[in-house]
Amino acid sequence: MRYSETFIPTLRDDPADAEVVSHKLMVRAGMIRKVAAGVYNYLPLGWRVIGKVEQIVREEMTRGGAQELRMPAVQPAELWQESGRWGVYGKELLRMSDRHGRDFCIGPTHEEIITDLVRGEVRSYKQLPLNLYQIQTKFRDEIRPRFGLMRGREFIMKDGYSFDADEAGAEATYRRMEEAYHRIFARMGLDFRAVEADSGQIGGSFSHEFMVLAATGEDDVVSCTTCDYAANSEKATSRVSPPEERETPALKTVDTPGVHSVEEVAEFLKTSPDRLIKTLIFDTGTEGDGRFVAVLIRGDREVNEVKLVNTLGADGERLTLAANPDIERITGGAVGFSGPVGLKGVRVVADRSVADLTDAVTGANQADRHHTHVLPGRDFPLGETADLDTARAGDGCPRCATGKLVIQRGIEVGHIFKLGTKYSEAMQATFLDPQGKKQPFVMGCYGIGIGRTAAASIEQNHDGNGILWPMAIAPAHVVLIGMNMKSEAVRDTAERLYVELRKRGVEVLFDDRAERAGVKLTDFELLGIPLALLVGDRGVEKGSLELKERKDGSTTEVPMDDVVDRVADKVREALGGHGG
RNA sequence: CGGGGCGUGGCGCAGUCAGGUAGCGCACCUGCUUUGGGAGCAGGGUGUCGGAGGUUCAAAUCCUCUCGCCCCGACCA
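Quick note on numbering: my numbering labels position 370 of the first sequence as 370, and the sequence is numbered without any gaps.
Treat the hints as calculated values from the structure; they're not laboratory data.
Beta carbons: idealized from backbone N, C-alpha and C, even for Gly.
All clues stand as given, with none of them false.
Simulated restraints, written as ranges between beta carbons of each label pair:
#1 K503 - R58: 22 to 30 Å
#2 P434 - E78: 28 to 36 Å
#3 G383 - E287: 21 to 29 Å
Derived EDC-like pairs: lysine to aspartate or glutamate, alpha-carbon spacing no greater than 16 Å straight-line:
#4 K422 - E82
#5 K91 - E154
#6 K570 - E549
#7 K486 - D537
#8 K307 - D198
#9 K270 - D359
#10 K422 - E167
#11 K91 - D103
Model the full structure from these sequences, guided by the hints.
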């Protein structure tokens, strides 16, 4: 690439509408331009980065036994109705109709399409396993797109789907994909963690997210300081030790005038927040008897709503805390004094932390009154219990005995799910097993945000002057800078090196512009290409050129005759055995 | 959807409170000089001030509506 002929519109100032560093730098470096909220143009340099990321993904998916194909972006509503998701996917699904009034959507994901394809073609267990993927533009009408490529509405995703004959096969495929994902993100030089995750809207039995650790991440990653436990905060559990066990005298009701909050109650009754039982009335938003649910949790802990949604089988978008009049009707008392003792006609779910409590305190379902000396199981039935607790930094690790949990921010760049038979059953996608019996496919699905991965790399690798691309996904390996293109000697040397470097498989951005050296060096730093080879009169006369590392700004003198070898070696070394 | 903020040459912004000929920096174009860390001098304006309506002798500025964009929130008892 000759800089003078390439469309690289760099900017001196940060764009006014960008907040995070990857967004600012990708715009400034002339890699992306916004078209609408969450919708971008990918300019030549940005598109090269995307291409590099895609290529690494392809290579490792192939190694993991997957095959690339391509499905349509526009999908008919019927398939979504069949899977049941047309009704539940919500406003994120961009819907439209064609000239005949038939409903379509722009695919946010392709479980329906692939399941339809495979059920139509695969008849026998002998044709399994099958692992298919594509790299394609997706559209999700996000509530709030933001941060450039980190959360776009239109975005490029690698989505893969596997079909196995049984659980064991599906599990093996899942492991192969998990390994492939580790290789993919390691090759890109990212600092990441694979964490246990909630499977959310896609559904299924279990899943892992691949999180790039960065302060601007939108997710909280909970991990153990000593063992390898790591989970999304939506899913994370922790060891919560109960307060000291003690004898519980007979239940007593006491006046607590004007005392509402957990802290106030604990102080007023001379006890600690971890002996309180908070009772929260949730509204699932559905009609009928099961609409309201009372949730019990220890006073010093907080309900994890994602876990609650999963436990209740509720719709996460509809679940809210109940309105005050509803609370008063259900508990028969004032808001702020709810408690499980004598609570009737409503489903009660307790967090595990409540089961261990002795000599506890709860609201009495009357204004300004609480119960003391409450023993779960004795004073109220301890029916349904579940893990509903939000893990916190400093909590004990649930897996090892000694570790403490820490919380870091992470960017979700990949997500793998074991789907089981959720879609194959809903869509009656079956094959014949060796006994000639119909069986539903056991599925998995595997996503990677291509653009988001590029953005995450910048979040993790940048400095005050610009981007620091790892060699593997940089838009070029080296910038060949003609320091003064008016000098004939410089021009001739640079032109010769441009040819020779490319012959050696090095990707060169030849800065042949009639700009001053300072401008070129500044742009080199902004663009973040790992190496710069400086060709100036000084070096040409001396017979040695300067090779500059973007990462630390260091410069080494290389004899003219060795320059091509040296650059080629450095590139090969940085790619770690994977070709350019 | 709720709250807040912002829309003025390509980009970043001032001007809006207090109505009176649309500005600054960068970029861009021409010429000369300069050429190893964002050059200097001289000349050049490329704008329906997001849009529509209203008030006024007069609107970027005041009022109403509308569109777009950004941020926070949409469980925190």
